[in-house]
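Asker: All chains should be modelled from the sequences, with the hints used to inform the complete structure.
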Amino acid sequence: MKYKVTNNDFRTKAFQTPDGVKLVAPGDTATVHVSQPIGEVEGLKAELLDGEGYEEMDAPDITKMTVAELKTFAETNGIDLGEATKKDDILAAIELANEPKF
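Plus 59 on top of the position in the sequence shown (first one is 1) and you've got the numbering used here.
To be clear, the hints were calculated from the coordinates, so they are not data collected in a lab. Don't take every hint at face value.
With a cut-off of at most 30 Å between alpha-carbon atoms, the simulated DSSO-like pairs for lysine-lysine come out as follows [to be verified]:
| id | residue 1 | residue 2 |
| --- | --- | --- |
| 1 | K146 | K104 |
| 2 | K104 | K81 |
| 3 | K146 | K123 |
| 4 | K130 | K146 |
| 5 | K61 | K81 |
| 6 | K104 | K130 |
| 7 | K130 | K81 |
| 8 | K145 | K130 |
| 9 | K63 | K104 |
| 10 | K104 | K123 |
Answerer: Here's what the structure looks like:
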């Protein structure tokens, strides 16, 4: 998702983007690409730019991946597989890691 953010706070705001962390200094406005929606944050105005300027990517069908591909996918995405070695167990670990946390 692409947002136009204005930092009206006295502290620098940080956003996790696909390219790393993007910092927005107090008083500055910037465009940021993030994977999660930006909620209400004190001192921050965030305007969703409705997909302008980026391509939506389809999620890979992990059920068709081999065990080796799943392990690489998990490592690339920072997913801890624990003791999982079988395909079904690895898939379950990946799905669990992608569930929303409340």
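Asker: Does each hint hold? Answer for all of them.
Answerer: Against the structure, the hints:
Pair hint K146 plus K104 does not hold up; C-alpha atoms about 44 Å apart against a cutoff of 30 Å. A distance of roughly 16 Å separates the Cα atoms of K104 and K81; the hinted pair therefore holds under the 30 Å criterion. Proposed proximity of K146 and K123 is supported: the alpha carbons are some 10 Å apart, at most 30 Å. Of the supplied pair hints, the one linking K130 and K146 holds, its CA atoms being roughly 9 Å apart against a limit of 30 Å.
For the proposed pair K61 and K81, the alpha carbon gap of about 13 Å is at most 30 Å, so the pair holds. Proposed proximity of K104 and K130 is contradicted: the alpha carbons are some 39 Å apart, above 30 Å. Our distance criterion of 30 Å between C-alpha atoms is met by K130 and K81, whose separation comes to about 29 Å. Using a Cα cut-off of 30 Å, the hinted pair K145 and K130 holds, with the two alpha carbons roughly 10 Å apart.
With a C-alpha separation of about 8 Å, the suggested pair K63 and K104 falls inside the 30 Å cut-off, and the hint holds. Our distance criterion of 30 Å between C-alpha atoms is broken by K104 and K123, whose separation comes to about 41 Å.
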